[in-house]
Amino acid sequence: DTGVSQDPRHKITKRGQNVTFRCDPISEHNRLYWYRQTLGQGPEFLTYFQNEAQLEKSRLLSDRFSAERPKGSFSTLEIQRTEQGDSAMYLCASSPRGLPETQYFGPGTRLLVL
Amino acid sequence: DAKTTQPPSMDCAEGRAANLPCNHSTISGNEYVYWYRQIHSQGPQYIIHGLKNNETNEMASLIITEDRKSSTLILPHATLRDTAVYYCIVLSYSGAGSYQLTFGKGTKLSVIP
Numbered sequence: 001d002t003g004v005s006q007d008p009r010h011k012i013t014k015r016g017q018n019v020t021f022r023c024d025p026i027s028e029h030n031r032l033y034w035y036r037q038t039l040g041q042g043p044e045f046l047t048y049f050q051n052e053a054q055l056e057k058s059r060l061l062s063d064r065f066s067a068e069r070p071k072g073s074f075s076t077l078e079i080q081r082t083e084q085g086d087s088a089m090y091l092c093a094s095s096p097r098g099l100p101e102t103q104y105f106g107p108g109t110r111l112l113v114l
Numbered sequence: 115d116a117k118t119t120q121p122p123s124m125d126c127a128e129g130r131a132a133n134l135p136c137n138h139s140t141i142s143g144n145e146y147v148y149w150y151r152q153i154h155s156q157g158p159q160y161i162i163h164g165l166k167n168n169e170t171n172e173m174a175s176l177i178i179t180e181d182r183k184s185s186t187l188i189l190p191h192a193t194l195r196d197t198a199v200y201y202c203i204v205l206s207y208s209g210a211g212s213y214q215l216t217f218g219k220g221t222k223l224s225v226i227p
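Protein sequences, first through last, are from chains A and H. Using this note's numbering, read the first sequence as starting at 1 and increasing by one per residue. Using this note's numbering, read the second sequence as starting at 115 and increasing by one per residue.
Calculated directly from the structure, the hints in this document are not laboratory data. All the pointers check out, no bait thrown in.
Chain A is faced by these chain H residues, among others (derived, beta-carbon under 10 Å):
#1 Gln152
#2 Gln214
#3 Phe217
#4 Gly220
Only pairs whose alpha carbons sit at most 30 Å apart, straight line, appear in this in silico DSS-like list of lysine-lysine:
#5 Lys11/A x Lys71/A
#6 Lys222/H x Lys11/A
#7 Lys57/A x Lys117/H
#8 Lys11/A x Lys219/H
#9 Lys183/H x Lys117/H
#10 Lys219/H x Lys57/A
#11 Lys219/H x Lys117/H
Nothing here was measured: the structure is a model prediction, and the numbers come from that model. Every residue gets a Cβ at the ideal spot worked out from N, C-alpha and C, and that includes glycine.
In isolation and in its complexed conformation, chain H is listed as follows:
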């Protein structure tokens, strides 16, 4: 499985953009990068995913470097409700039928008023 490296914590001022980095230097050419977040005591919430191109949806933008070894999740205008643990995951086929998600420790984002 391709491993990911994220900073353990980050702060962001309310209303500013939050830029969450992730390194995935061993990613293979056909593996997708997924981002989930988990607000305290809730199930993980899907945010966005990408392969090579940058992606944007109503929640966030995902910027993937040309060599695909790193990516950045951008929350354009962070609010207090964005305070959560953010997980960067490389989706890999297990070889036994599943695309199980391998969660690391993620980045704890604290949005400050």
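Bound conformation, chain A alone:
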């Protein structure tokens, strides 16, 4: 399968713990996005990478959140000191060069903070 993959698919953690999610985009896609989706809502943009550069961050991305894409391939999203409000589906999408830009999503990581 050559689609976007995310790991883990599910994560249960206790409030105050740190968690890290991984996203592997489609090969050669230089653009990578992270979104968050809470129950009953559509996905909301969190952050954007072009190659290894993080070019844009949403105000939703508090200082407890950090994302990296060190070699312009896979990306990680870390949440420090998790809170119950962080419980959500975290989605990764990638897109190739060129316009218009079509984003392809991974299956998501569902986080539950107890």
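For chain A, the structure is supplied; the task is to place chain H on it using the hints.
Positioned in the frame of chain A, the structure of chain H alone reads:
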């Protein structure tokens, strides 16, 4: 960002065509209309996009009005597996480097046996 308006829910009989409308009256001339769907507990799936002309692919057809203020996604022969939330999105440049997708609440399509 150009806003979109979709009905919250629709039903369609299995085997019939599903026609999902979307209003985007504030769309700019160079903004694309994208459709995604999300089956329960899965990531959004790209369906189709268009600018001015009608488009068709193996999944669906997209009809865009001449004034571009509305569009319709057509699933020609709906199956039970097409039951999902369908999102109509106007792809806009953020001004800071990204073409982030702004999802609304979408239309929940239920295909009835």
